[in-house]
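Make a model of the complete structure from these sequences and hints.
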Amino acid sequence: MKLPERRPRRQARDLSPTTPVRLDREESIARFEQETFDLVVVGGGITGAYVALDAALRGYRVALLEKDDFASGTSSKSSKMVHGGLRYIEQGNLPLVRHSLLERQRLRRNAGHLVQRLPFLFPILSVDGIFDRRLAKGFESLLWSYDLAGGWREGVLHRKLSPEEVLAQCPLFKEDNLDGGLMYYDARVDDARLTLTVARTAAFHGAAIANHTKAASVLRSGGKVSGVLAEVDGREVTIRSRSVVVAVGSWLRDWDPASADVDKPSIRPAKGVHIAVPWEKIQNSCTVTIPVPGRTRRATITRWGNTSYLGTTDDDYEGDLDEPYCTEEDMHFLLDGAMTALNTDLSPSDVVGSIAGTRPLVAPPGGKTVEVKRNHEIRTDQDGLVTVVGGKLTTARHMAEQTVDAVGAVLDKKHRCATMKAPLLGAAGYDAQAAVASGGLPAHLAERFGTESRFVSGLIAEDPRLATPIVGGLPYTEAEVVYAARHEMARTVDDVLSRRTRARLMARNASGEAAARVGEILGSELGLSHLDVKAQVDDYLGQIHKEESVLMGANQK
192 MKLPERRPRR QARDLSPTTP VRLDREESIA RFEQETFDLV VVGGGITGAY
242 VALDAALRGY RVALLEKDDF ASGTSSKSSK MVHGGLRYIE QGNLPLVRHS
292 LLERQRLRRN AGHLVQRLPF LFPILSVDGI FDRRLAKGFE SLLWSYDLAG
342 GWREGVLHRK LSPEEVLAQC PLFKEDNLDG GLMYYDARVD DARLTLTVAR
392 TAAFHGAAIA NHTKAASVLR SGGKVSGVLA EVDGREVTIR SRSVVVAVGS
442 WLRDWDPASA DVDKPSIRPA KGVHIAVPWE KIQNSCTVTI PVPGRTRRAT
492 ITRWGNTSYL GTTDDDYEGD LDEPYCTEED MHFLLDGAMT ALNTDLSPSD
542 VVGSIAGTRP LVAPPGGKTV EVKRNHEIRT DQDGLVTVVG GKLTTARHMA
592 EQTVDAVGAV LDKKHRCATM KAPLLGAAGY DAQAAVASGG LPAHLAERFG
642 TESRFVSGLI AEDPRLATPI VGGLPYTEAE VVYAARHEMA RTVDDVLSRR
692 TRARLMARNA SGEAAARVGE ILGSELGLSH LDVKAQVDDY LGQIHKEESV
742 LMGANQK
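The opening position of the sequence shown corresponds to residue 192 in our numbering, with each subsequent residue numbered one higher.
Heads up, a few of these hints could be off.
List of simulated lysine-lysine pairs, DSS-like, C-alpha gap at most 27 Å [to be verified]:
1. K605 <-> K415
2. K365 <-> K472
3. K604 <-> K415
4. K351 <-> K365
5. K737 <-> K405
6. K725 <-> K737
7. K351 <-> K415
8. K737 <-> K472
9. K415 <-> K405
10. K725 <-> K405
11. K351 <-> K472
12. K455 <-> K405
Taking CB as the label site, the calculated pair distances span [said to hold, decoys possible]:
13. D506 <-> S450: 31 to 37 Å
14. E568 <-> T209: 41 to 47 Å
15. R708 <-> T531: 37 to 43 Å
16. D370 <-> D541: 28 to 34 Å
17. A634 <-> L348: 26 to 32 Å
18. D723 <-> T227: 31 to 37 Å
19. P469 <-> D319: 25 to 31 Å
20. P469 <-> A221: 56 to 62 Å
21. K737 <-> C477: 30 to 36 Å
These are calculated hints, taken from the structure and not from any lab test. All C-beta atoms in this analysis are idealised placements derived from N, C-alpha and C, irrespective of residue type, glycine included.
Here it is, written out as structure tokens:
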């Protein structure tokens, strides 16, 4: 009888290390060349990162590669919400809601420093609202369904608000026709940091991971997948593996390495955009859902520090997946919606940042994208290629569990999933209130690094000059840039300003002014030449200039 294989000793390692977990890209690339893996994961978004973590915790030998940077695609451009999705109840997809709420609570437990509870407010208007008061009772029944499906796990149920209570949450909301409101609770997350933390945790448990490493093709031998040919720093590297997982999201539309005789899933990218404006222009204390005149789609406004971000659109997208942009039309759609609902004056000059990403919907053409169910699909080919696509941020862990189950069937080597109760780096032993109340930890560090915040603070203790803010008006410090280079595999100015911090979204132009200093720090930490640093700074400035130009009506994509 074949005995089960022993799990690697690393599974028992303390997830509260006394020294920072260092992501060593060169070490990972060396492992790519030297080892034979059980699986190679192509795609460093939230799904691919969770596949790598799940597989590593089960004891599989794992490699993860991402052509750009972790979360540089859809996974840094989401609504930042970890939620069940009320409109999925409206679609009749109660199983997805129930499971999403269960996954939300797992994330709240396993990544408590990153995922925070967030109240959501639905104003009730007598006319021209999301729904009028005649439908409010019907909508409240949906909220009861939401509570029973899993919302109760937050410890609070939805409640009715008077007009005065609505205005207390959002004082600029127009009082005309305001009958009251309904409030319920979900959660939010910095999606880019969540993805990065999942990837770093996978590396902590033994996965070899690398960003800026492109999968050129899937290799096959004897009718079975045998690895991936990757492009690494201008050269080709063969990564040997017994199975391959493709988790590239919307990019499956343009790159599907499956055999020609395999039926491809219908990938329908849908573009979603958000814009950021100064919070003082909105003054919301919670996420407020607003009606948009002439559209069935509703919009939301969420506070994030000293900014509020408005979103989202949901339109079919056929353009370059590497360069979706928030257009002038998208921007005015959101600004007009906000000004219809609020007593505020917003203009394009108030937009301090924007993001645009694509959702990988699994659906054929036709119909409205907002009506497409956010289900996922996992396909296992005869040659050992496993493809996962669709779904949403909240359910990424579960998607990964099912994907690794499929890999186990390919390998005939199964282990039980361990991610349901596996804390991410920074979460074990984290207590937000105690951390901030102690007076030694800024709130923005606690919410981004958790228990690892002490390592960033330690850099400042060694060199107080690193406490200097990197972007005017934002809390990010030079110490965080150093930490990103040493321990978070940040390779470029864009990696730091767009994803290790969210400066590009919260203060696009100010982040451009900081680009040279970020480049200088990266040059020192990574041993980059002056020409390499200049090229990175110029590239970043070019990116944000194009983003602003498209937003203002030039160079429409």
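Hints versus structure:
| no. | hint | result |
| --- | --- | --- |
| 1 | K605 <-> K415 | holds, 19 Å |
| 2 | K365 <-> K472 | holds, 14 Å |
| 3 | K604 <-> K415 | holds, 17 Å |
| 4 | K351 <-> K365 | holds, 18 Å |
| 5 | K737 <-> K405 | holds, 24 Å |
| 6 | K725 <-> K737 | holds, 18 Å |
| 7 | K351 <-> K415 | violated, 58 Å |
| 8 | K737 <-> K472 | holds, 25 Å |
| 9 | K415 <-> K405 | holds, 21 Å |
| 10 | K725 <-> K405 | holds, 23 Å |
| 11 | K351 <-> K472 | holds, 26 Å |
| 12 | K455 <-> K405 | holds, 22 Å |
| 13 | D506 <-> S450: 31 to 37 Å | holds, 33 Å |
| 14 | E568 <-> T209: 41 to 47 Å | holds, 42 Å |
| 15 | R708 <-> T531: 37 to 43 Å | holds, 40 Å |
| 16 | D370 <-> D541: 28 to 34 Å | holds, 29 Å |
| 17 | A634 <-> L348: 26 to 32 Å | holds, 28 Å |
| 18 | D723 <-> T227: 31 to 37 Å | holds, 33 Å |
| 19 | P469 <-> D319: 25 to 31 Å | holds, 26 Å |
| 20 | P469 <-> A221: 56 to 62 Å | violated, 47 Å |
| 21 | K737 <-> C477: 30 to 36 Å | holds, 34 Å |
Taken one by one, the earlier hints fail for this structure at numbers 7 and 20, listed in ascending order.
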